Every structure is written in structure tokens, then in C-alpha cells.
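So the sequences go chain by chain: A and R.
In terms of the working numbering, the first sequence opens at residue 580 and continues consecutively.
In terms of the working numbering, the second sequence opens at residue 1141 and continues consecutively.
Keep in mind the hints are simulated off the structure, nothing from the lab.
Keep in mind the model is a prediction, meaning the values are calculated, not measured.
There could be a bad hint or two in this list.
Below are the SDA-like pairs computed for lysine to any residue, each with C-alpha atoms no more than 20 Å apart in a straight line [claimed, not checked]:
{"#": "1", "chain 1": "R", "residue 1": "1213", "chain 2": "A", "residue 2": "672"}
{"#": "2", "chain 1": "A", "residue 1": "672", "chain 2": "A", "residue 2": "713"}
{"#": "3", "chain 1": "A", "residue 1": "662", "chain 2": "R", "residue 2": "1223"}
To list a few chain A residues with every Cβ distance to chain R over 12 Å, as calculated [stated by the list, open to error]:
{"#": "4", "residue": "622"}
{"#": "5", "residue": "628"}
{"#": "6", "residue": "631"}
{"#": "7", "residue": "632"}
{"#": "8", "residue": "654"}
{"#": "9", "residue": "668"}
{"#": "10", "residue": "671"}
{"#": "11", "residue": "674"}
{"#": "12", "residue": "696"}
{"#": "13", "residue": "704"}
Positions of the beta carbon are idealized from the N, C-alpha and C atoms, including for glycine.
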Amino acid sequence: MKKKMKLHRLVDRTDLKLLVWMTFALVSGAFVTVDVTRAEYGDVVINNYSDDVGMRPVIFPHWFHRVRFRCKVCHADLGFQLKAGGNDINMVKIIEGQYCGACHNGEIAWSVEHCNLCHSATPGTPTQVHESTLQKLVAPSDARKASGK
Amino acid sequence: MKFAHDRRRLPMSLRGIAALFIAACVMASAAIAADPNAFNRLMPNQSKRNPPPAEDGIHDPVNDGTLMLQPPKEAFGVLPKSASGNYVDWVKALNSGKIAPRYDRLDPKVEPIVMDLDIVREVKGSMPDVVYPHKQHTEWLDCSNCHPAIFIPQKGANQISMAAILLGEKCGVCHGKVAFPVSQCIRCHSRPKTAPKAAEGGVQPAANAQSKSPKGVNAGK
């Protein structure tokens, strides 16, 4: 009898009700207000070094580039590996004309002084291929984190 | 006894805040639930497809450069539609001349080296067999992009499964990342299985595939 009384006193009924309602409200709110990111399929975030040096990570929009160039130009001629984050790209190499620098030299495309056009991701966004099957199937929570939500 | 009981209640001010919180959450839910057709069965809302960079969730909206980038819709307007990915059929866009991407970094006149060879892979399950067209792939890619690192250019040398593809290997190196997503099953699984009696008759898959094909088809396994 004494035990039962204790349990009853542990959580007041009114408070319990309040707790249940708050949980319900939170859960329903989460379902309604969930806002998945919907950047373009194939957008690659490159954050090999950016965050560490206080720059925004780079977003490479595949869609924009494939309108202008076939895959082969970057992935065969320029040596870009077919893996997000799999290329050891840095600004020195770009200025020397490697990787992005093969075109982003002020002649074919904008030059390196337009930092914020490429370094345009929300700080803390990890390296990823946005909307990829792997991202959706294997690590949906990472994907949400990736979007900075 | 009564006193001890009361002490376990939340202070009145906290209760007020909690009640307000509940009201706000429920009202927010109710406002959206007012439209009986608002629930979109987890499909992305069409009007929210291809948003401008500042609203896409990965670009930093406070970055001035973000606002200078081209919104995808501006480029996609004239391109053939597709059901997923960028919602653009890139192969049709290329074939119809709606886009003319360079094959060479500098010279816009360089023509791609296209190889027209279909590879039929007879799949184990009930899905239609896979026809792999070299033509559409070599329009975009160089042989060295796939051979020999991803696919050994030899019949029967490549073990491919949907599991591997979903994990980003084999076809999944591009499909599911940038080329059309794996949700478009029948774009690859495009050749209906041959009648069961042909299999019973002991017809070799390779010979079978070749006889069915309009243009020299190899059977890959």
C-alpha cells in the first residue's frame, strides 16, 4: 500500500496529462513542420578543408555544368574522380590550373576572386552528393544534419 | 499529506508556458491540416521542385554569392521533363539539341566518339532484362570513365546487383547520384523476358540475346 502511494505521488496526474499533451504537440508539430532540403539532384558539397579554415564549403552543381560540358571533360580529361570528396582539391591547385582551375580562370568561367559563388554552402554542411540514393537510404539522419537543419 | 502532493506540481508560470506551447503547436498543425488534400503522401510537393539556391537548404542564404547563382528553373524551362532527379530528361535534352555541352574543354566543335553497342544482361529475378546502351553513355562519357575500373570490358566478368548499385557501386557510381535515379526501373530493365519455353529448350543466353537484338547485341552475365 505504501509503495502504491509513492508511485501515485511521484507524478501528479495533472502534470502527467500535461506531459502527454506536450509530447503529442511536439510530435504532431514535428510531422507538420518537417522541412526536407530539396537542393538539386547531383549537387556535390565539398568540405574537405573549407570548414577548418573558416570558409563556407563548396557546392558543385552538376546540373549547371552538364548543360555546358559532357561528363568526360571533367571526369576523363581533368581527372576528377567519380566520388564526392575523393579529389584532393585545394586553392593552390586551382590557381595553377588544375581541377576547377582548368576553366575557372577568368577565361572560360569566373576566376578565383569570386570566392562566394563556389564557397556558398551553409557552414558545417558535410561532403556529400545531395539527393543521392545512398544518402536517402543509408543515412537519412546524416542527410538532415548535412542540410544544417 | 496534501501539502506534499501539491509540491510535486509544476509552478503555475511553467504550466502557463506549457499550455501556450501546446496551443501553438496544435494551431500550427490545424492550420495546415485545414486543406484535406494537403497531405501529399510523402511525395515532394511539385511546386517546391528545383528551388532557387537560396531556398534549397544547402546553400547559405546569407551569402551574397548564393543570390548571384542561376536558379535551376531558369535553365530547365525548355528542357524535356523527367519524373525524378533534376526532373529533366538529360538524354532527350542532348539528343534533341536543346543543350549542346562541349566534348572538349576548349573547342566547341569536337564531336564525341560514340559507340553503338547494346549489352543485354539477363537478370535473375522477375524484372525485365537490362539493356545497356553504349550509345547514350558514350555521348557523355569516355571509355576510360568506366573501363576497366568500374566494369571489366569482358563478358561475364562483372558481378552486378541492385544492392551494389544502391550502395553506389557499378552503375550506382553515377545512377543514383547524378545520372537518372534507380527509381526509374524500366529505363534499364527495358527488355521483356523471353518466353519460358525458350529457356527450357536450352538456348544459350548469349545466342538468345543475339537473335532477339536488332543490332549486334552481346549478352553480359
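Decide, holds or violated, for the assertion that all CB atoms of chain R are farther than 12 Å from the CB of residue 654 (chain A). 5 Å, violated
Minimum Cβ separation between residue 632 (chain A) and chain R greater than 12 Å? 16 Å, holds
Hey, does residue 671 (chain A) actually stay past 12 Å from chain R on C-beta? 21 Å, holds
Compute the least Cβ-Cβ separation between residue 696 (chain A) and chain R, then decide whether it is above 12 Å. 4 Å, violated
May I ask you to check that residue 668 (chain A) keeps its beta-carbon over 12 Å from the closest beta-carbon of chain R? 17 Å, holds
Has the given pair, residue 672 (chain A) with residue 713 (chain A), been kept, meaning a C-alpha gap of at most 20 Å? Cα-Cα ~30 Å, so violated.
Can we confirm that no CB of chain R comes within 12 Å of the CB of residue 704 (chain A)? About 6 Å separates residue 704 (chain A) from the closest Cβ of chain R, which leaves it inside 12 Å; violated.
According to the definition I'm using, a residue is off the interface if its beta carbon is farther than 12 Å from all beta carbons of the partner; does residue 674 (chain A) meet that for chain R? Since the minimum Cβ distance to chain R is about 17 Å, residue 674 (chain A) lies beyond 12 Å and the statement holds.
Is the nearest Cβ of chain R still more than 12 Å from the Cβ of residue 628 (chain A)? Consistent with the label, residue 628 (chain A) stays out of reach of chain R, its closest Cβ about 17 Å off (over 12 Å).
Straight-line alpha-carbon gap residue 662 (chain A) to residue 1223 (chain R), limit 20 Å: Violated: residue 662 (chain A) and residue 1223 (chain R) sit about 25 Å apart, past 20 Å.
Residue 622 (chain A) clear of chain R by more than 12 Å, beta carbon to beta carbon? 7 Å, violated
Would residue 631 (chain A) pass as off the interface with chain R, using Cβ distances and a cut of 12 Å? 17 Å, holds
In the structure shown, a violation is registered for the earlier hints numbered 1, 2, 3, 4, 8, 12, 13, in ascending order.
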